[in-house]
Every structure is written in C-alpha cells, then in structure tokens.
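Novice: In case you want the letters, here they are:
2 protein chains.
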Amino acid sequence: MNITMKSLRVMPLSSRAVAFALSALLFAALHAYAQTDPLPSWNDGPAKKAVVDFVQTTTTQGSPKFVPPAERVATFDEDGTMWVEHPMYTEIMFTLDRVAELAQAHPEWKDQPPYNAVVNRDREAMAKFTETDMLKLVAVTHAGVSTDEFAAAAKAWIAKAKHPRWKRPYTELTYAPMQEVMRYLRANGYKTYIVSGGTQPFMRVFTDEVYGIPADQVIGTALATKFTPSNALMLEPKLLLNNNNAGKAEDIYLFVGHRPQAAFGNSTGDAEMLAYSRGGNGATLQMLVLHDDAEREYAYGPAQGLPDTKVGTFPQSLYDEATKNGWTVISIKNDWKRVFSFDQ
Amino acid sequence: MNITMKSLRVMPLSSRAVAFALSALLFAALHAYAQTDPLPSWNDGPAKKAVVDFVQTTTTQGSPKFVPPAERVATFDEDGTMWVEHPMYTEIMFTLDRVAELAQAHPEWKDQPPYNAVVNRDREAMAKFTETDMLKLVAVTHAGVSTDEFAAAAKAWIAKAKHPRWKRPYTELTYAPMQEVMRYLRANGYKTYIVSGGTQPFMRVFTDEVYGIPADQVIGTALATKFTPSNALMLEPKLLLNNNNAGKAEDIYLFVGHRPQAAFGNSTGDAEMLAYSRGGNGATLQMLVLHDDAEREYAYGPAQGLPDTKVGTFPQSLYDEATKNGWTVISIKNDWKRVFSFDQ
Chain A
1 MNITMKSLRV
11 MPLSSRAVAF
21 ALSALLFAAL
31 HAYAQTDPLP
41 SWNDGPAKKA
51 VVDFVQTTTT
61 QGSPKFVPPA
71 ERVATFDEDG
81 TMWVEHPMYT
91 EIMFTLDRVA
101 ELAQAHPEWK
111 DQPPYNAVVN
121 RDREAMAKFT
131 ETDMLKLVAV
141 THAGVSTDEF
151 AAAAKAWIAK
161 AKHPRWKRPY
171 TELTYAPMQE
181 VMRYLRANGY
191 KTYIVSGGTQ
201 PFMRVFTDEV
211 YGIPADQVIG
221 TALATKFTPS
231 NALMLEPKLL
241 LNNNNAGKAE
251 DIYLFVGHRP
261 QAAFGNSTGD
271 AEMLAYSRGG
281 NGATLQMLVL
291 HDDAEREYAY
301 GPAQGLPDTK
311 VGTFPQSLYD
321 EATKNGWTVI
331 SIKNDWKRVF
341 SFDQ
Chain B
1001 MNITMKSLRV
1011 MPLSSRAVAF
1021 ALSALLFAAL
1031 HAYAQTDPLP
1041 SWNDGPAKKA
1051 VVDFVQTTTT
1061 QGSPKFVPPA
1071 ERVATFDEDG
1081 TMWVEHPMYT
1091 EIMFTLDRVA
1101 ELAQAHPEWK
1111 DQPPYNAVVN
1121 RDREAMAKFT
1131 ETDMLKLVAV
1141 THAGVSTDEF
1151 AAAAKAWIAK
1161 AKHPRWKRPY
1171 TELTYAPMQE
1181 VMRYLRANGY
1191 KTYIVSGGTQ
1201 PFMRVFTDEV
1211 YGIPADQVIG
1221 TALATKFTPS
1231 NALMLEPKLL
1241 LNNNNAGKAE
1251 DIYLFVGHRP
1261 QAAFGNSTGD
1271 AEMLAYSRGG
1281 NGATLQMLVL
1291 HDDAEREYAY
1301 GPAQGLPDTK
1311 VGTFPQSLYD
1321 EATKNGWTVI
1331 SIKNDWKRVF
1341 SFDQ
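Line order of the protein sequences matches chains A and B. First residue of the first sequence: 1, per this note's numbering; consecutive thereafter. First residue of the second sequence: 1001, per this note's numbering; consecutive thereafter.
By construction, these hints were calculated from the structure, which means they are not laboratory data. A hint or two may mislead.
Stated by the list, open to error - In silico SDA-like cross-links for lysine to any residue, where the CA-CA straight-line distance does not exceed 25 Å:
1) Lys1155/B x Ala70/A
2) Lys1226/B x Thr313/A
3) Lys1065/B x Ala151/A
4) Lys1110/B x Leu1096/B
5) Lys1155/B x Pro69/A
6) Lys1238/B x Ala224/A
7) Lys324/A x Ala1232/B
8) Lys226/A x Thr1132/B
9) Lys1324/B x Pro229/A
10) Lys65/A x Thr1130/B
11) Lys1226/B x Gly279/A
12) Lys191/A x Glu1071/B
13) Lys226/A x Gly1326/B
14) Lys1238/B x Thr1130/B
15) Lys1226/B x Gly1212/B
What the hints assert, rightly or not - Beta-carbon label-pair distances, calculated as ranges:
16) Leu1239/B x Arg121/A: 38 to 48 Å
17) Ala1139/B x Arg121/A: 45 to 55 Å
18) Pro1169/B x Gln56/A: 34 to 44 Å
Just so you know, even glycine gets a beta-carbon here, dropped at the ideal spot from N, CA and C.
Could you build all of it, start to finish, from the sequences and the hints given here?
Specialist: What follows is the structure, given as structure tokens:
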C-alpha cells in the first residue's frame, strides 16, 4: 500500500486519517509477519536449527558461504520424505488398482502370473514378486497409452484413492514440517525439485497442487516415449531413467545442470543425492527423515534398533554415513511438533 | 519511483519541484518505452506479425486463446535458428579442435582412423566420415572426463575460438532478431528453452551469457553420466538422449512435462518439435528460419531452389509441410532488418 501525494490531495480529511491509520496497522502486521516462525511445526532442536542456519548463511549478503540466487536449488525425495510411504509406496497401490481395472479387458490375466496374483488379490504371491514381475506390471499399467491418457488415469485415481490407515486421500498425507521447509526455502530464492524413485508422469499429476512444484521441476523414474505421426507421445515399456541411488545424482545433473545446495531424503536410495549435494560450494544442507514414531506415523529403520522394512529402508550403515558426513537426521518423534496439517 | 507524502514533507520546496519534474520525465520515458517496438530488427511483414499476434492473443486476459502463465513455454533450436551453423556446426568445430588437443597424449591416433584424419587435417577423409566415425570422435572428446572438467574445456574453447568468416567469437554470431523474439516472449511470461541436437553439457557453458537461459532450460543430446564414489559425475561414451527429430518432442515432454506453446527451428530435425507444439491448446506459434541470404549470412535449403546442404537441411518437403500446417517461414533476406547485433 503506497499512499501517494496525489491520492491524498483528493481525499477529504477524515479519509486521510483513515488512510494513515490503515498504514500504521499494515506496518504492524508486516512487522509481526516478518517475525513469524517459518517452521511452526518443528520443535526447537538441532534439525530445525540446521535448516534456519543454512537459509540464513546462504542468503545473507556478505556471508562467506553466500549462495547466488541462480544457484539456489533444493531437491526433495518424495516417498517417506514428503509423504507417507507405508504400508506400501503410493504408486504401487495405484499400479495394483490399475492392473485390476485393466484386467477387465484382459481375461487371460486370470491365470497368468504375475497379473493373476493381483487380479485374485493373492497377497502371498504378491509378497514374492521379483523385480521382473514388478517391471511387467509397470509395463502394462504405465505404458501402451499416450502421456495424456496416462495422466488422466493417474489423476482420476489420486482423486479417489484413500490411505488404508487414515482413510484420507494420499495427497493429504504429506508432512507439514517438510512442506514448511519447502516454502521457507522458496521464500528465500530456492528452486525446489521433487527427485523421486516414483515415475515422473505419475508424480506430475499432483505435485503442483500438493507442493506448488510445476511439472518441469519433477525428476523421476522415466519410461521412454515415442512421438507418433498423430501428434501424440506414447509411453513405451522401456526404462529411460532409473531415478534411484546414483540415478538421482545423475538425473539432477541432467535436469538441473549442477549440484543441489540442499537435499532431503529418508532411505538408501537417497544417499548418492545427498553426497552429490555435499560437494557444492558455499554452505550445503543434507537431511534424512528417520521414521521413529509408530504412534503418529510409522516406525522403521532398521537403524537405531527400529523395525526392519523393505519399504524405505534406513539401515544403520546409512545412519553412520550421515553422522560421518555431517548430514542431519530428522527424528519424527522428537523434531516434529505435528506430522500432518490435519494434526492439532 | 513512488513519491510518498512522508518523503515530500521533509523536502525543501525546491527539491519537491525537482521531484515532480523527475516524476513527469519518468512517466514520459515509461510511456515511450511501452510503445517501443519489441522487434526492431524485423521488417514489417507476415513473420513479424505472426510473433506479435501470438503474444497479444495468448497474453490478453479474456482472449479466447489466452494461455495461463504456467503453461507459457517456448522452445528454440540452436544451430541455424539462434546462431550461425555454416560452414559447420560450432560443436563439430569444437570436437575437431579437441581431438587435435587430446592427440598430444595419444600418439597412436596418428595412424588410427578416424582420429588420424582430424590430426592430419585431412579434409577429404573427414568429408567421408560416417556416423560411427563421428560417434567415436564424440566419445573421446565428450566422455571419459567429469562434467566439471568437460565444462572447463568447452568454456575455454568458446572463449577463444573464432568463426572463419567473421573472425569473431561464435557467441557473437547469434541472430539479433531471434534474440528479440526470445526477450519479447520472456517479457510476456514465457519460459524459453534451448532444444538442440547439440550436446547439453556443451551448450550449458554459454546459454546463460548469450541468451539469458539457465542450465535447467537447456535440452540437448546427452551422454549418460556415472556418479562416482569420489563425488564426481563422469561423462560416459553412451548416448542417453538423441535430441533430434522425434527426440526433440520426447525430450521436451521429459524436461517440461507438456507441449510448448511456441517452437522455432530451421531444419528437418525440428519438424517433430513444431508438430508437437501445434497440438497445444489456445493459440500456438511455429516458425522456421530459411537461410536465403548469402550476402549477409548464408543461402541453403534446398527448399525454394536454394543450394543444397548437409548442414541444417531445409528441403522443399519441409517447406510444403510448413505451408500445409500453418507454420511461418522466416526469410532472413526479407524479414530481418539486420542479422547480427554488430550489423548497422
């Protein structure tokens, strides 16, 4: 609100008084806003401090570890870092539901592994799926359609699917504290990317709405596409980018062109991304979310004596690597005041 | 400049008069600026009109072909569209120079094709290079080093190399009219990308300086990289993305996530990118630069009876495709008032 000379001259005196009063109010409000905690869902502690220190050090002009705005990039893993990944990765739930849906046009799947296990909801057989089985399922559910058709299917699913424990859409099961970090970084000139083992076409249908992250800042596992004479792009059953482990560092270079200044993950698949980030100039920040809160979310590791898991494994070796390298481990139990935005 | 009541009150009367005079001046200057032609290097004609109409139609609120800011993407081919590609693609010149440089550590190349042809500057043998030969040269010049080492080599070359005809750095041989289109689109909310058959690591060393395009908006042919335990990314002699022809449409989807609203090219390798752009919602714009000005630049096609070439081929079939599809062909001779910014 800028009260100019000209606008004041045409106002009657009483209006001028109101304008000045509003001005004062606005000033007070802005002042209060500037002092508001950018991370209200975090308990005070080393994790919160690491985030705030990083932002202040890299964005304060004259700081020896100042990072120019053009280089400010932060990368976030999706499953287990930005939203819930237990009891099973969201995209696997989508894949299984889609197999069941597509099975209506494929009566032969009823007796054909691995499809029959999904069609017959044979949990025992599904538990024994090999990587080849999973790739077969991904091929039939994620390929053979145009990019537009796939996006429509994924969008429809994400709009109606619900998490078995909270009975809420998966898009609500995003961690409020991590959303705050994302917004805090963006407010300080950081460009934020999702860098996930999940597929890029799947994630792109919700990242804008859930995180305010546009399609061109979503890096994921990618199938090859084929441009057709009818001016469509068809998804092919052929892996182009495997965005896990070293693939995360390699794909960040492919999409971004340089190391991220900050990187956030929660499992073995994120280690190389964090290491790549650590090599940057100026201050850098690496953080790993440790799921140690069975009550409010889940508890799994097996680091620190937590139960073992195949979904988002965080082994003790990764914990030790974090300690050695100066990466910060976030304890959900101790560092987060609340987990979800619907928590009180 | 916003002259507030408060700032005016503390000024002596003479300063207030100066402030008002400055205000008036600023207003006049801004007004003149707003009316300045955004495309001064273009002659009036259908090509210039196509650009201006597209920008006005897609950015005017309430226009039936309005494009929301989040969807405003424009893609530009590099060689022959943004800068000179004759007598030979700039990156090929770099590749040959780099082979000669690396040959000092490879005495065995003196007798080993295809390297010996380059080392001995045997133009006849080079003219007969097959695609396999070129890939071998790209492998030794673009791989086997870290991404940082490659960038340093490319940066050093581009800083000193000169075009054989103009004796100027290649980075000065960019087309002023196309730079104006880029800036005009950006000023109207368009995100501009380079989408080139050249390699991404090579282009990224100059696109920011030459076009104001950051590394994450450079799409190109890409070799695979490998993340190493020493926290470096090594370039591998393995093609990951072939960013030509259909590859351009496919890679735009990979990097951007949707069709570009406008696309600019100059040869057969750009046809699919333009077709992909044409499928978008709202108004779209596709343009092809025809090199028909031997005096100020080069003349080649072979469309419209121009001399044939293997570097940036624009055949009659592409010209006919453009006419059929409503793509605009830019005649350098007729549409451009000047070609380079150093032209008068």
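Novice: All hints are to be evaluated individually against the structure, with a verdict given for each.
Specialist: We went through each hint and held it up to the structure:
Distance restraint check for Lys1155/B and Ala70/A: the Cα-Cα separation of roughly 19 Å lies within the 25 Å cut-off, and the hinted pair is therefore satisfied. Straight-line distance between C-alpha atoms of Lys1226/B and Thr313/A comes to about 23 Å, which keeps the hinted pair within the 25 Å bound. Between the alpha carbons of Lys1065/B and Ala151/A the distance comes to roughly 23 Å, so the proposed pair stays at or under 25 Å and holds. A hinted pair counts as satisfied when its Cα atoms are at most 25 Å apart, and Lys1110/B with Leu1096/B qualifies at roughly 14 Å.
For the hint linking Lys1155/B to Pro69/A, the alpha-carbon distance of about 22 Å falls within 25 Å, and the restraint holds. Annotation: proposed proximity of Lys1238/B to Ala224/A holds, straight-line Cα distance about 16 Å (limit 25 Å). For the suggested pair Lys324/A and Ala1232/B, the alpha carbons sit about 19 Å apart, so the restraint of at most 25 Å is met. The hinted pair formed by Lys226/A and Thr1132/B meets the criterion: a straight-line CA distance of about 24 Å does not exceed 25 Å.
Taking the CA atoms of Lys1324/B and Pro229/A, the gap is about 15 Å. The hint holds against a cut of 25 Å. A distance of roughly 49 Å separates the Cα atoms of Lys65/A and Thr1130/B; the hinted pair therefore is violated under the 25 Å criterion. Restraint check for Lys1226/B and Gly279/A: satisfied, since their Cα atoms lie roughly 15 Å apart, inside the 25 Å limit. With a C-alpha separation of about 18 Å, the suggested pairing of Lys191/A with Glu1071/B holds against the 25 Å cut-off.
A distance of roughly 24 Å separates the Cα atoms of Lys226/A and Gly1326/B; the hinted pair therefore holds under the 25 Å criterion. With a C-alpha separation of about 17 Å, the suggested pairing of Lys1238/B with Thr1130/B holds against the 25 Å cut-off. A hinted pair counts as satisfied when its Cα atoms are at most 25 Å apart, and Lys1226/B with Gly1212/B does not qualify at roughly 29 Å. A beta carbon spacing of about 42 Å between Leu1239/B and Arg121/A agrees with the range 38 to 48 Å that was offered as a hint.
A beta carbon spacing of about 50 Å between Ala1139/B and Arg121/A agrees with the range 45 to 55 Å that was offered as a hint. Take Pro1169/B and Gln56/A: their Cβ atoms lie about 40 Å apart, and the range 34 to 44 Å holds.
Of the numbered hints stated above, those contradicted by the structure are hints 10, 15, listed in ascending order.
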